[in-house]
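Trainee: Here is how the chains run, residue by residue.
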Amino acid sequence: MAGDAAVIETNGHEPSYLDYKGKHSGILGWLLSTDHKRIGILYLVGILTFFMTGAALGFLMRLELISPGETIVSAQTYNKFFTLHGVIMVFLFIIPGIPAIFGNFFLPILIGAKDVAFPRLNLFSWYLYLTGGILALLSIVMPGGPADTGWTFYIPYSVRTDTNVIFSLFAAFILGFSSILTGLNFVTTVHRLKAPGMGWFKMPLSVWSFYATAWVQVLATPIIGITLLLVGIERVLHVGIFDPALGGDPVLYQHLFWIYSHPAVYIMILPAMGIVSEIIPVFAHRTIFGYKFIAFSSIAIALFGSLVWAHHMFTAGMSDTGQFIFSLLTMLVAIPSAIKVFNWIATLYKGSIELATPMLYILAFIFLFSIGGLTGVMSGVLAIDMQVHDTSFIVGHFHYVMFGGTGFAFFAALHYWMPKMFGRMYNRKFAKVAFWFIFTGFNFLYFPMLVMGWLGMPRRYYDYLPQFHPYHLISTIGSWIVITGLILMFYNLFKSLKSGPVVTEKNIWGGETLEWQIDTPPTHENFSEIPVITERPYMYKDNELTLKKEETV
Amino acid sequence: MSTNLQAHTENHVHRDDIGARLGMWLFLFTELILFGGMFIVYSVYRFTHQQEFHLAAQELNTIIGTFNTIILLTSSLTMAASIVAIQRSKRSLSIFFQMLTILLALFFMVNKYFEWTAKFHHGIYPGSETLLNENAGQILFFGLYYVMTGLHALHVIVGIIMIAVMMRFTSRGIVKHDNYVKLENTGLYWHLVDIIWIFLFPLFYLIT
Numbered sequence: 001m002a003g004d005a006a007v008i009e010t011n012g013h014e015p016s017y018l019d020y021k022g023k024h025s026g027i028l029g030w031l032l033s034t035d036h037k038r039i040g041i042l043y044l045v046g047i048l049t050f051f052m053t054g055a056a057l058g059f060l061m062r063l064e065l066i067s068p069g070e071t072i073v074s075a076q077t078y079n080k081f082f083t084l085h086g087v088i089m090v091f092l093f094i095i096p097g098i099p100a101i102f103g104n105f106f107l108p109i110l111i112g113a114k115d116v117a118f119p120r121l122n123l124f125s126w127y128l129y130l131t132g133g134i135l136a137l138l139s140i141v142m143p144g145g146p147a148d149t150g151w152t153f154y155i156p157y158s159v160r161t162d163t164n165v166i167f168s169l170f171a172a173f174i175l176g177f178s179s180i181l182t183g184l185n186f187v188t189t190v191h192r193l194k195a196p197g198m199g200w201f202k203m204p205l206s207v208w209s210f211y212a213t214a215w216v217q218v219l220a221t222p223i224i225g226i227t228l229l230l231v232g233i234e235r236v237l238h239v240g241i242f243d244p245a246l247g248g249d250p251v252l253y254q255h256l257f258w259i260y261s262h263p264a265v266y267i268m269i270l271p272a273m274g275i276v277s278e279i280i281p282v283f284a285h286r287t288i289f290g291y292k293f294i295a296f297s298s299i300a301i302a303l304f305g306s307l308v309w310a311h312h313m314f315t316a317g318m319s320d321t322g323q324f325i326f327s328l329l330t331m332l333v334a335i336p337s338a339i340k341v342f343n344w345i346a347t348l349y350k351g352s353i354e355l356a357t358p359m360l361y362i363l364a365f366i367f368l369f370s371i372g373g374l375t376g377v378m379s380g381v382l383a384i385d386m387q388v389h390d391t392s393f394i395v396g397h398f399h400y401v402m403f404g405g406t407g408f409a410f411f412a413a414l415h416y417w418m419p420k421m422f423g424r425m426y427n428r429k430f431a432k433v434a435f436w437f438i439f440t441g442f443n444f445l446y447f448p449m450l451v452m453g454w455l456g457m458p459r460r461y462y463d464y465l466p467q468f469h470p471y472h473l474i475s476t477i478g479s480w481i482v483i484t485g486l487i488l489m490f491y492n493l494f495k496s497l498k499s500g501p502v503v504t505e506k507n508i509w510g511g512e513t514l515e516w517q518i519d520t521p522p523t524h525e526n527f528s529e530i531p532v533i534t535e536r537p538y539m540y541k542d543n544e545l546t547l548k549k550e551e552t553v
Numbered sequence: 001m002s003t004n005l006q007a008h009t010e011n012h013v014h015r016d017d018i019g020a021r022l023g024m025w026l027f028l029f030t031e032l033i034l035f036g037g038m039f040i041v042y043s044v045y046r047f048t049h050q051q052e053f054h055l056a057a058q059e060l061n062t063i064i065g066t067f068n069t070i071i072l073l074t075s076s077l078t079m080a081a082s083i084v085a086i087q088r089s090k091r092s093l094s095i096f097f098q099m100l101t102i103l104l105a106l107f108f109m110v111n112k113y114f115e116w117t118a119k120f121h122h123g124i125y126p127g128s129e130t131l132l133n134e135n136a137g138q139i140l141f142f143g144l145y146y147v148m149t150g151l152h153a154l155h156v157i158v159g160i161i162m163i164a165v166m167m168r169f170t171s172r173g174i175v176k177h178d179n180y181v182k183l184e185n186t187g188l189y190w191h192l193v194d195i196i197w198i199f200l201f202p203l204f205y206l207i208t
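As you go down the protein sequences, you meet chains S and F in turn. Numbering follows my numbering, in which position 296 of the first sequence is assigned residue number 296; successive positions increment by one, without gaps. Numbering follows my numbering, in which position 132 of the second sequence is assigned residue number 132; successive positions increment by one, without gaps.
Just so you know, the hints here were simulated from the structure itself, not pulled from any lab data.
From the derived model, a few chain S residues whose C-beta atoms are all more than 10 Å from chain F:
no. : residue
1   : Tyr20
2   : Leu31
3   : Leu48
4   : Leu60
5   : Thr131
6   : Lys292
7   : Ala316
8   : Phe342
9   : Val433
Here's a subset of chain F near chain S, in silico, CB distances under 10 Å, partners left out:
no. : residue
10  : Gly23
11  : Leu26
12  : Thr30
13  : Leu32
14  : Ile33
15  : Leu34
16  : Phe35
17  : Gly36
18  : Ile40
19  : Tyr45
20  : Leu131
21  : Gly137
22  : Phe142
23  : Leu144
24  : Gly150
25  : Leu151
Think of the CB as a built atom: it goes at the ideal place given N, C-alpha and C, for glycine as much as any other residue.
Whenever a hint applies, use it, and build me the whole structure from the sequences.
Mentor: Here you go:
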């Protein structure tokens, strides 16, 4: 993209956003900063903390399942573990993850703006996030202990149990509010602050993804807000809206819950797809194939994804017509998702692929996401769903999409953008070693779940029949490999912040989007002068020319 | 592109009226969907318990309901008038209309208070013995009645606070004839509160 390089270079002496001195200094300079980059870092700190907590809980759950019977924790504690693991990973890591960190940091830069549309609102939503997170953690230490309902809070159990469901409910409610405000901010930012010359089809593809995600956040989250609020009211005041003992309908709760929580899955995966579309052209040194198809498929996923919620409830009681329609719509979502995968593959074709760490994570994303996506289509088939519903097949499918998909894209983004964010480079060899640990361990961890789920292993049980032992054993060993990989990865990244080689080069990877034309790390104002955009992103002209020549020869 | 340029140049003083309005409309969407969830619950139970809803609605006082509807509609008018006044640089007139809006809103809340406490005296409140002896439809109707009008009342209170802040802004000259987007957005919010009530009123009071 042709930003005016000459103008930007005069900016070289300005301090970076990390050294920038505003109204406040020290820690307050961060906690009260409305700079989108600093807020992005605040989110990074918060989200990584919660991710590690969630991962530790997952590790303990796997340890419990290493052999049949009670191994390290009781059934009740195990219930609390999987609830906390779910609540933390879903509401505190994977929903905010990519948009709140990388969206905040890079969305304004990618469209050539100095900040988001509402900077103060942006800071406010971080505080909401923090409040929600603290509430979720408070439920652990309060008498009664954390909720044991699973992250879905299904009624009537969530009204009857004595554990601290209220805390988790309010945590999710407040986090939803934070998510809405971020979405609202991004939609307005994309509409109002695109640099001159940047039409909709000159936006980088991650911006399209963030934009589609933001709309889902704005339109779907209020439903979960009101639903969780109603469960809270139900617990305290016994109004009877969902409680079957008072005439309410628990299946209605399930509908309302999934009206949000299914689109939420797309809040999780869409930004990840944006990251993939961003990174692939850079390391294949090729123009993205089918720009418009990728852009519109984001919107299509957001649309279709909002109409498939009841496929979580095929066994809960529904009319045949309803089941048929929801099953059909579910399979339709596979189309825009597959369009993206085909276009990514087509971009790789004849590219000069450079297997840097971000690219490794992205290639792993395509592989794992395909397994996750196809098992998803399987689960969408009515007859199969009757068999695999509430089994660890679903757990495996979900983790292939969410961890193998979004998680890996998140790690890719970390390795791709962290040198830009902090001006330090990590050890590249070390990063690759960590990747292979995570990738190998991942498949050991989750593939056995698909198999034993198919054979009938129910999910959310702390005990199992002896015939499932080999699968559980392999899965637990896999979790050790993943944890080792994660420790290696974070060690490498954190170490780089302290003692990694300093990067001042603007364009580390040879990217052609705007963030690679500004200083590393960026200055407080991002651009000394707002760039004028004249070309589409990801042109890679030199490369494309040689390719054309080769073809004619 | 000219609008984009404008947004950028004004970014330095953090002012983009169109952006602010867009943000407010998005927020109003979320509010509509929040109540939309409740309306879905209402329509499902109305469908499954038609007779009981019909009977339960007779317990509500249609006269107070009508009165409150008129009060809220009038308050929307005064809110709009305060915006027109500030556009024409009539600051004190605008403050007067804002104050009138707050008074009407308080009036609405007082009525609501009497309505609710009267119900409490009859033993009709969530979890009460009288109500628990009734059939499921009655419990659901009053459960929804308290939750939905309660949530609406909460929005009225937030609205009152927002308008009070706007009154201060207007008197200090922060909201003025060429910079009134804050007041306008408050007005939008207030109209939303009004619209929600327009739907609540027939659904609870007029279905007898």
